[in-house]
Amino acid sequence: MTEMTYRDALKAGIREEMLRDERVFLLGEDIALNWGGAFKVTKGLAEEFGEERVRDTPISENTIAGAAVGAAITGMKPVAEIMFGDLIALAMDQVCNQAAKMRYMFGGQTSVPLVLRTPFGGGKNIASHHSQSLEAWFMHTPGLKIAVPAFASDVKGLIKTAIRDPDPVLFAEHKLVYDKKEEVPDDEYLIPFGQAKIRREGADVTLWGTFIMLHKALEVANELEKEGISVEIIDPRTLVPLDTKTLIDSVKKTGRLVLVTEETKTGATTAEVAAIVQEEAFDWLDAPIKRVNAPDTPVPFSPPLEDYFIPDNKRIAQAIRDIV
Amino acid sequence: MAVEKKILKELYTRTLKIRLFEEKVWDLFGENIVPGTLHLYLGQEGVAAGVTTALKDSDWIQSSHRGHGHVIAKGADMNAALAELLGKKTGSCKGKGGSMHITQFNVGVLGATGVVASGLPIAVGAALSCQMRKTDDVVVCFFGDGASNNGTFGESLNMSAIWKLPLVWIVENNFYAMGTPIKMTCPSATVAQRAEGYCIPSQVVDGNNALAVYEATVEAVKTAREGGGPTLIECQTYRMKGHSRFDPAKYRPQEEADYWLSPEKDAVHVIKKIVLEQGAMTEKEAEKIRSTLQKEVDKAAEFAKKSEQPAPEETLDDVYAEAI
Chain X
1 MTEMTYRDAL KAGIREEMLR DERVFLLGED IALNWGGAFK VTKGLAEEFG
51 EERVRDTPIS ENTIAGAAVG AAITGMKPVA EIMFGDLIAL AMDQVCNQAA
101 KMRYMFGGQT SVPLVLRTPF GGGKNIASHH SQSLEAWFMH TPGLKIAVPA
151 FASDVKGLIK TAIRDPDPVL FAEHKLVYDK KEEVPDDEYL IPFGQAKIRR
201 EGADVTLWGT FIMLHKALEV ANELEKEGIS VEIIDPRTLV PLDTKTLIDS
251 VKKTGRLVLV TEETKTGATT AEVAAIVQEE AFDWLDAPIK RVNAPDTPVP
301 FSPPLEDYFI PDNKRIAQAI RDIV
Chain Y
1001 MAVEKKILKE LYTRTLKIRL FEEKVWDLFG ENIVPGTLHL YLGQEGVAAG
1051 VTTALKDSDW IQSSHRGHGH VIAKGADMNA ALAELLGKKT GSCKGKGGSM
1101 HITQFNVGVL GATGVVASGL PIAVGAALSC QMRKTDDVVV CFFGDGASNN
1151 GTFGESLNMS AIWKLPLVWI VENNFYAMGT PIKMTCPSAT VAQRAEGYCI
1201 PSQVVDGNNA LAVYEATVEA VKTAREGGGP TLIECQTYRM KGHSRFDPAK
1251 YRPQEEADYW LSPEKDAVHV IKKIVLEQGA MTEKEAEKIR STLQKEVDKA
1301 AEFAKKSEQP APEETLDDVY AEAI
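If you read the protein sequences in the order shown, they are chains X and Y. The opening residue of the first sequence carries number 1 in our numbering; numbering runs sequentially from there. The opening residue of the second sequence carries number 1001 in our numbering; numbering runs sequentially from there.
In case anyone wonders, no lab produced these hints; they're calculated from the structure. Careful: at least some of the hints might be erroneous.
As the list claims (entries may be wrong) - Straight-line Cα separation of at most 27 angstroms, DSSO-like style, residue types lysine-lysine; simulated pairs:
no., chain 1, residue 1, chain 2, residue 2
1, Y, K1164, X, K43
2, X, K197, X, K180
3, X, K160, Y, K1134
4, Y, K1005, Y, K1056
5, Y, K1284, Y, K1005
6, Y, K1250, Y, K1024
Claimed, not checked - Covered, in the sense of this in silico footprint (three residues per stretch, anywhere, with C-beta under 8 angstroms from a C-beta of chain X), are these stretches of chain Y:
no., segment
7, 1098-1104
8, 1124-1137
9, 1149-1163
10, 1314-1321
Remember, it's a predicted structure, so these values are computed and weren't measured experimentally. Glycine is no exception: its CB is placed at the ideal position from the N, C-alpha and C atoms.
Make the full structure from the sequences, and use the hints.
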């Protein structure tokens, strides 16, 4: 085991797959020599693998995604980077109409083994076009898989699985977790999609969430432990496929559920999860399911506004106390 | 360019094959057994015939929303193609795609698409893949005059030029985007002029003359195969029918329609006359080709009609490589 940042663990996973399979290549804006990616995830890879396999592109999101599709269906394994999650709006046709549907609408004649990496999330005061959490858009698109790694020890195993997957994977990252450190296994390991991880065991309430909210939830759980409230924390690790079993089993144990994400509330992944739990575990619930999300507004710029927008430890703690 | 006799005969055969296929589709539509809508290739046969005759089997084509002709010209199995149009289980897409997604990967068709201009980025990726895998295959991308007004046109032409991709852009200018004349939406006299800004050589050819299309494509393919980068060929042509199933195309001026739809401009007539004049085929041989193709098409229609419908629950198949 080696302690490393999420960023370095992610890069190590990509690097291992590039060494393992020469069909794997990277494309995106400013990912190569001059910049190494806006969040430096690919820094050093162009030096090692050359600018053909770590390829800077023009600012053309729809064609970056489309080129990944075209390469994927003709024998390559592209890993495309969209610099900010918000900018996927420019590539929606290729992601949702083409990549997601090709296997289906062509009757299984082709596979689209591509990975589209992009960071979501706020907290850096970069306003409405660089801060959103849009994973629900893609959860609503059959044919895509969605990984949502929140921890360094998971991101490496998940990116390796994503790159080897025969279906298109939206690999969502989060800007505030790139610097988070954890012990990461040195040997090769893959994390299967659709297996949640219980990050903390508890007895009184289940908390399900994603990305930086899980880091906050762990802090909150330690605080609440002192008050005698025992919180079980579940990280789904992938949204599609979604591990409902781990969640339902936990809810059946605790009888209470709090859902926490940074998404705006209406139509968020938390709404879907709440619906699943009431369908499958209604009789085990001892209290209403609580959702902690951002308000239904664009992401604001000014620090006091953004701090209000993004759920904080206090709001998470309050939601738990409300139902315990 | 001195064109071999067997090539001339092939141009006639492919042009006629598409014509007979599409006439059959029109008849089946008249029988009211074609679900949904259709974008017929009738009138534009010279383009697909000329382009595909300049390709080798392992070259790829990216089709558009008006794709029947492309797929048939590239050598698709007509049974599976007609069965697909009727929504049958034996269709090339198992009844999941229909007219707008008619595709046969095994003969090098990357896909037909219902989103105008969405094929261009995919062609970029396929050509990049051919280049990176060091094959000598080229990719041809068919799209209409209307697609040249979409953002992907600029993104994709640009990317193909900077990377010198083995790609040929084929604009099928039939002068109407649905009902909107190109002169209302494009300030230049030709679509081909737009390529200049991307340093892509271009030319305009008579799309109703399969030989002219063939000769232009041969040059473009040679350049692409030798690493010289992309070429754009604007093939000017005309729809014999409206945009789609129920469109009588009354918005087209009578004089213009009379010119394009005159027997002398007809794609089958044009190539037949050339091939006969050049002594590559006798009238008797031409008739034999026609009767052989007609039988093939008739048999395909019988196959399609007799094929079983997909089972309703097949709706759920082929979303992912393995059901999740």
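Hint by hint, here is what the structure shows:
no.	hint	in the structure
1	K1164(Y) to K43(X)	26 angstroms, holds
2	K197(X) to K180(X)	18 angstroms, holds
3	K160(X) to K1134(Y)	25 angstroms, holds
4	K1005(Y) to K1056(Y)	18 angstroms, holds
5	K1284(Y) to K1005(Y)	16 angstroms, holds
6	K1250(Y) to K1024(Y)	23 angstroms, holds
7	1098-1104	holds (count 3)
8	1124-1137	holds (count 9)
9	1149-1163	holds (count 7)
10	1314-1321	holds (count 5)
When held up to the earlier numbered hints, the structure conflicts with none and fits them all.
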